[in-house]
Amino acid sequence: MVRMATAAESFVLAIGTKKGLWLATSRDRQEWSLTGPHFLMSEIPSIGIDTREGRTRILVGVRSPHWGPTVAHSDDLGTTWTEPEQGAIKFPEDTGAAVERVWQIYPDAGSRPGVVWAGAEPISLWKSTDGGEHFELNRGLWDHPHRSEWGAGYGGAAAHSIVVDSSGETVHVAMSTGGVYRSDDGGTSWEARNKGISAYFMPDPNPEFGQCVHKIAADAAVEGRLYAQNHHGVYRTDDNADSWNSIAGGLPADFGFVMLTHPRRDGTAWVVPLKADGERIPPDGRLAVHRTDDAGNTWKRLSAGLPEHEYNSVLRDAASVDAAEPAGVYFGTRGGTVYASADEGETFREVASHLPDVLCVRAAVVAGA
Amino acid sequence: MSCASGRQWWPVPEIALLLPSVLQPLAGGQSVLVAPADGPVTVASLLDAVASDYAVLGRRLRDETGALRRFVNIYVDGDEVRRLQGLDTEVLPGQEVLVIQSVAGG
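Respectively, the protein sequence lines represent chains A and B.
Residues -6 to 362 (my numbering) are what the first sequence spells out, left to right.
Residues -2 to 103 (my numbering) are what the second sequence spells out, left to right.
I should point out that these hints are in silico values taken from the structure, not numbers from a laboratory.
Everything numeric in this text was worked out from a predicted model, so none of it was measured.
Beta carbons: idealized from backbone N, C-alpha and C, even for Gly.
Facing chain A, according to a computed beta carbon distance under 8 Å, are these residues of chain B, among others:
#, residue
1, VAL53
2, ARG56
3, ARG57
4, ASP60
5, THR62
6, ALA64
7, ARG66
8, PHE68
9, VAL69
10, GLN98
11, SER99
Here are the simulated lysine to any residue pairs, SDA-like style, with alpha carbons at most 20 Å apart:
#, chain 1, residue 1, chain 2, residue 2
12, A, LYS120, B, GLU61
13, A, LYS120, A, TRP135
14, A, LYS11, B, GLN98
15, A, LYS11, B, GLY102
16, A, LYS12, A, ARG327
17, A, LYS12, B, GLN98
18, A, LYS11, B, SER99
19, A, LYS12, B, SER99
Same shape as in the complex, but just chain A:
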């Protein structure tokens, strides 16, 4: 299904890889034009596309193995990039900590313009009120008594998922490895919220915290409903994470990294299953996206347009949806191939291939070309 952008808009797909950023634009989500690499030889582990306040700001977490991490932004679709002189994210001196990598950049709701959240390694949550130019450390989470017991996933110890409800008071973060934490006071205080999520790799498989949650996402229309892709386990909560229940039935594997939700429609979410734990490849080497339209009660396998064999995995932020109707679904593999669907996953087509490992993907409908 082709949905042409209006004369005043276009589709933008930002692709963050191990060795730079590529930007793709399209009028119809069928044919894409790529620019890049931007930030050649730096990894791009996080991207946020902020379309609020009548402009398009692309924010990227950039990390050079030699020269360290930073956050840059572009207000002209990548023609020029700006980096604050003193850095957008840096730990206060009294923490004795240094930013290793920015894992998540999350523009807040349209009703809170200027507010951008970030999740970083070491495990930390940050909030900007100036559109992502300067961030402040969330002290409530940083000073949490559990922090010394949080572990590091294979990729590092990071806050990688941020979900803020419509009021702005309820905030969820997910971290590897610590699990899910919730604040009911806009981020001032935090409590672990992992009841029902398994941590089979720990002596107590049902601990208060320590779960290796890979990604969480909020339902578009049902307040208090979230979905989680865990390190083995796919879950849903209907009570703001007070309790989680498995929705993995019907999936070929309960492992994976991706969790996407529809921009408007309740009950719709996507995952990309991987066999794991010993074989981190699509089950039987057959890549497919799975979508639920009933909040995880049933799943539909979607593979039209995808290759017959694919042995690369898809990382937690290497997938995205856009807000068009129907929604677009995008993902990239560690083998450097990026796929786009203009029909909510029913059919995919290749946007780019032979790129470096894809670390993150973000898509948006933006003003202008």
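With chain A's structure known, arrange chain B on it following the hints.
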């Protein structure tokens, strides 16, 4: 710090900081930064001066705790400072300080 090509009318003791090409755009395109020095200074204070004039360059070399980034190597007259006194290593007027990134990675 100033540009190496700046004219001087009488000899002033200086320390030269040589930058790799990848970092030169962050120093206004200069390959060499020079600092006046009447006596020995530490590498840390030299980098403080760099960060004062070129903040982004300063952040590429050290993190916000002041620690030298893992794959950034600084040589004082040919000796890597980690084998000396680290950032407390003293540099004498007339000496050269060289920034080189590790040749590692894939």
